[in-house]
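As they're listed, the protein sequences go chains F and D. For the first sequence, UniProt numbering assigns the number 1 to the initial residue and increments by one for each residue that follows. For the second sequence, UniProt numbering assigns the number 1 to the initial residue and increments by one for each residue that follows.
Mixed in with the good hints, there may be bad ones.
[What the hints assert, rightly or not] The calculated lysine-lysine pairs, modelled on DSS-like cross-linking and capped at a C-alpha distance of 25 Å, are:
| hint | chain 1 | residue 1 | chain 2 | residue 2 |
| --- | --- | --- | --- | --- |
| 1 | D | 516 | D | 442 |
| 2 | D | 416 | D | 516 |
| 3 | D | 492 | D | 442 |
| 4 | D | 260 | F | 367 |
| 5 | D | 466 | F | 368 |
| 6 | D | 516 | D | 260 |
Keep in mind that the hints were calculated from the coordinates and are not lab data. Here the structure is a predicted model, which means the values were calculated and not measured.
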Amino acid sequence: MSLEKLLKTEERLWAPESLRQQANLRDFAAEYRRSLEDPEGFWGTWARRFYWEKPFAKVYEWNLPEHRWFLGGTTNAVYNALERNVERGLRHKVALLYLSEDGQEQKLTYGELLDRVRRLATGLKALGVGKGDRVVIYMPLTLEGVLAMLATAYLGAIHSVVYAGLGVSALRERILDAQAKLLIAGDVGFRRGKGVDLRSIAEEALRDLPLKVVWFQRAYKAELPEGHYDFEELLWSHPPEARAEMVEAEHPLFILYTSGSTGKPKGVVHVHGGYMVGTTYHLRTFFDAKDEDLFWATSDIGWIVGHSYIVYAPLLEGITSVLREGAPDHPDPGAFWQVVERYRVNVMFTAPTAVRMFMKYGPEWPKKHDLSSLRLIAVAGEPLNPEALRWAYQHLADGGRRGFVADNWWQTELGGPTLGTPLVLPAKPGFAGVALPGVEAEVVDEEGRPVPPGQGGLLVLKRPFPHMMRTVWGNRERYLQYWREVPGGVYAAGDVASQDEEGYFSVLGRADDVLNVAGHRIGTADVESALVSHPAVAEAAVIGIPDPLKGEAIKAFVVLRAGHAPSEELKESLIQHVRRELGPIATPQEVVFLDKLPKTRSGKILRRLLKAKELGLDPGDLSTLEE
Amino acid sequence: MAHKRSLSTVQAALRTLAYLAEHPEGVEVKEVARLLGKSLSTAYALLNSLVEEGFAVKGGRGYRLGSAKPVPPEPAPLEEALEELYLRTRERCYLVLLTPEGVRLKTRGRQGQPHPLGETFPPEWHALALGKVLLAFGAFPLPPLTPKTPYTLTDPLALEEELKRVRASGLAVEMEEYALGISGLAVPLLDAEGRLLGALGVKVPARRFPFAFGRLARALSEIAQIPPHLKAEDPPPPPPPSEARVEVRPVLPPKTLAQKANLQDYQEAYAASLKDPEAFWGGFAREFLWEKPWRAVADPEGRRWFLGGTTNAALNALDRHLPEKAQQVALLALDGEGHLEKWTYKELWEASRRLAGLLKGLGVQKGDRVALYLPTGAEAALALLALARLGAVHVALPVGLGPEALRERLIQTGAKLLIAADGHYRRGRLIPLRPVVEAALKGLGIPVLWHTRGTTEFLERALEGKALEAEPLPAHHPLFLLHTSGSTGRPKGVVHGHGGYMVGVAWALRYLFDLKPGEVFHTTADLFWVVGHSFGLYAPLFLGGTSLLVEDTPDHPSPAAFYERLARLGVDVLLTSPTVLRALRRHGETRPTALRLVGSVGEALAPEVWRWARERLAWPLDNWWQTELGAPALATPLTLPAKPGFVGVPLPGVEARVVDPRGQILPPGEKGHLVLVRAGPAQMVDLLGGKDPWQGGLYWTGDLAVMDEEGYFRILGRTDEVIKVGEARLGTAEVEAAALTHPQVAEAAAIGIPGEEGEEIAVFVVPRKEVPEELKPLLAEKLKGHLLRYLGPVRPPKIFFAESLPRTRSGKILRRLLKARLLGLDPGDTSGMEVEDVPGETA
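Please model the complete structure; the sequences and the hints are all you need to start from.
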């Protein structure tokens, strides 16, 4: 790792002068200082832009790892996103612009969205959904998926969206962990012109669970058994009667599951008050969104980026948000740019894996289209390698003459951008950027001691911010672990990073056994248990190997049970098995059969060793190795 | 008056009793039916009445002879009459008895024995035929006249008229007045001294009423021993003296509406607009973008506006709003297939500036005239805006115009290009237009830019154009040319400009139609009429609002769909025509909408229709203007009391008078020519063909009007359609409004026809529901009496029944065609006529 070389980069990529002049946040340094010196005034002022039925008495109360915000205040994030905006004259402003993969568009105005959310909420209420109930949403990226989220939260119930690319066991596990009262599921998703069957996955995941299900049926209207309802019927058969349930600021808004190094996925809990305040702050200051912008986050509602920047923050700010179902390179590699040109997208938020894909197809694709409206391309999800940044700056931002590429780093747990390169500062290839307002980040060693600039260490956050997770659903202990991993009462992000003298952070990768495949966090344990659930597998170990497109790809090492012999068919069968269990994003790229796996004396599989071998690196301290 | 059970019934009863005596073990209903040769239900009814009277008892196995001695009970002749009526009619029958204990109601129907329905009548009992009989013949106080159905009579005068007729004919008729779908007849039951004993009535489903009417009326009159009296033999009662004519009561607008009105002080604004037009209009005009400010707001006569100023209507409709409204929906376009498109300001701006580029590439230049033959929709809106952007003059031609008329207009206007659709939707059907266009264009050499329905070709082509900035244009530079709808003869081409028109229509939308930021405006007028130009497209966009455009007819596929659409799309303010309102009223049922205001323009809004709209839709806002004027000239602003039947007062910038043919001002209350002294900034800048309405410093509207003491104007019809009966001069609208107050009238058209002594009034009436042939003379008599009450002492009008009225495509009644048909004359130019129209049937 040529860390030194990286950190000595002299390369500075600036946003054009005109953009910096018109940036929503011009004096970054002053803002940052104020955010740390006066968090009360800083966040309190921003929070007062919203509607509070009962104003909060106190901006924050920290008793780390506990932190609570806007105490005493009652509000509802969806009320703020819909009613508040309708009342201030945005009734006929387009809230959501939905594009299906084949280019069909559908627009919902704020007024219509409110009407539909009220109808659906009335319907959900009739099914018994109330404040605090969990509703699992397994929906493709559609307006109906967003409606399901908003209607649930409107009632004060808690949504837990499961990405519609996840498989049977992943879905079942999440339904069980959240103790969901209701599942809202789609029957089919579309990608690359083909339907993806979601119905059979959901049905299998539901087996024997006494759960009510609402089906969003796009392919055909099936005969539904008792306790199962049709989404559209539920929506349109109810009047727009429901009204927003005002909840305490700290009332959970949603649970979003993310993978960890240990077996079970963690249900990250975000709350109405702080999440609303924090995500919108960054939409305005980091993503530089203006009132009349068209904002396009290319993620999915199944991920935190989708929650924060397709749904909540843009709607809360009364901005028009684009959502598009389908792959970025379908029907052709210019598909994204076609959208930008046709709809005059102003700010785009995408993932490094997408940027690398565009890079692979070459600059002729964006060149074919008029991207003159595109001001800012934000990128997050995994480290953006320098080549990709330079390429994007050159070909998507016209070499800095028209726009800017803003790398940023955050996590499901953090709700919004945490490290990033704001528009007014230069981008440095290889660096995600600086700590954003409200964030106090540091690189430390395992004892919690700061490491000097230029050296690698663990990335920690020394203070909480409003949109940071409150707990792990049903697992307080796991939440506390985040704060106990590194001594000193700090939040350990689980990433390895380094910081340069100018305060820019370079995030290098995960410190634990978590893979980052195309921006999606996948626990090695998840894949391993999926493999072991196959009748032919005795033991399995999974590592990430570098992939030019996805960042990391999954490689599996498998020990077969007696009586099973390695074969190509078995390999394929294992891959399909994992795909079915966890969904396409967790599909192993390679499967290798071994006689046995390297283990520590305590029996833990040494993935480190497998990885070192694979990449030809020094495996490091092997003192605990069994043999 | 004796009321005997008819022999047949008594005989049947005797035979049954004899049979029961022979069969002490019991008799079943079917045996009795067989015995009598009657149906089961007749036998059942007879047996039940015998049981009730004690002659028979019902036991284990059917009926047996009653234990009571068969002594004849107290005769109940009235109840026998009910039974008799049932047996004759086999319909649901009613009997009202006036007892010392009060009103008692008995009913008899197919389902067995009579049972009391209740002691009292419903609150709306004046709507029942039975109730009308009681009111006509008994000494009952008038109940509160609350409506029950759209057909309920609520006007005391109309009700009195009706009761008079009941007294004269001895028969009361109820046509869905109490319950939709149910009609009935009733007759009084009188004793020998003529005192009211009760009433007898029968009701049937309204759909069977026309066929059953004669039979039922005969049965009723025979049983009640009242001779058939279907024709009023006496002439209608003499019309009351004119002081008894219905007075107009001003209606105050709802407080919430008035308090929030954008125009709080009409009087002040009106005075300011005339006293200091510079400040009044200039102040408002400064909200718009002007490349170069004007030297003077208007010339001394107020005919030319914003002299020296340069601007562009498209620039003000679109570009001006981009900073804060880029993502707001500017147009909601519902096409004939039911697809709803939402166009944001940014999208509309982008597409129209590229279309402008494309048009320029096709050779269209500033000042060129480009004709459009496009149905209402996004494509038409884009084309208008793109042409305005270029400084070209758009000439929208009504879709549906035949090849000859289309050709004539293309030649007359010297169109450089035609933008045409190859089809349009009408009542759900795609009607091809390509053959019409091709026939019209033969040999003209005018190129066509096609909009092919069902494809996005037109839009895609538009987007290929190079975006064009808006051309700065002098305020009076022509924006569009429109032909007047031709209700009165050959079409004229009216030309409107950019500057004054923009200021005038935007002012009207904000201060008359009271549009607030963030509201949806909808006009049912097609985009290719002046109402569509001004309020479907330009004014909502000038104000940064949202306008709903609908291609198909408003009530397609049903009136319910119309209400549903308004509710679902959240339409706040509607501008429509009396024709549409009358059609909706005729349909009856309404559904809730979020409408705040409903504007009506195109013809005089009759008071009955005004009241209906007020109760069922929203606060009505009548307004009067003409294609030449671009925007409303007379209207009732929200803060003033409305006088149904009167359109209202002159709006700011407008001075109106009623004058005699020489231009001498007439005193209030006298009928005369409506003229304008000043016409406001939205007036036309040029006229192609036809006589200039400005003569001798006055704008002659061609309308007959009267002004009251408070300065409210009432439009009575066209001056060239005035009916001179004896000494009186009646406007067509006057007669029609009177006819519309009758609950059976859905639409009416009045014309003057030559009679023995000068002119006579002929009224063509479209009844609300089908009227049975037998009832037509009766209804005609009813209507004559009704009209005379409103019109004063004139010769009774002639009444003709029709299924529909011929009208222009913009919805105005073509009276001259009715006249021509009636008198066998040449109807003249009918190119503006609605295609679907069927000639009226007369009675």
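Each hint, compared with the structure:
| no. | hint | in the structure |
| --- | --- | --- |
| 1 | 516(D) x 442(D) | 48 Å, violated |
| 2 | 416(D) x 516(D) | 39 Å, violated |
| 3 | 492(D) x 442(D) | 23 Å, holds |
| 4 | 260(D) x 367(F) | 53 Å, violated |
| 5 | 466(D) x 368(F) | 16 Å, holds |
| 6 | 516(D) x 260(D) | 10 Å, holds |
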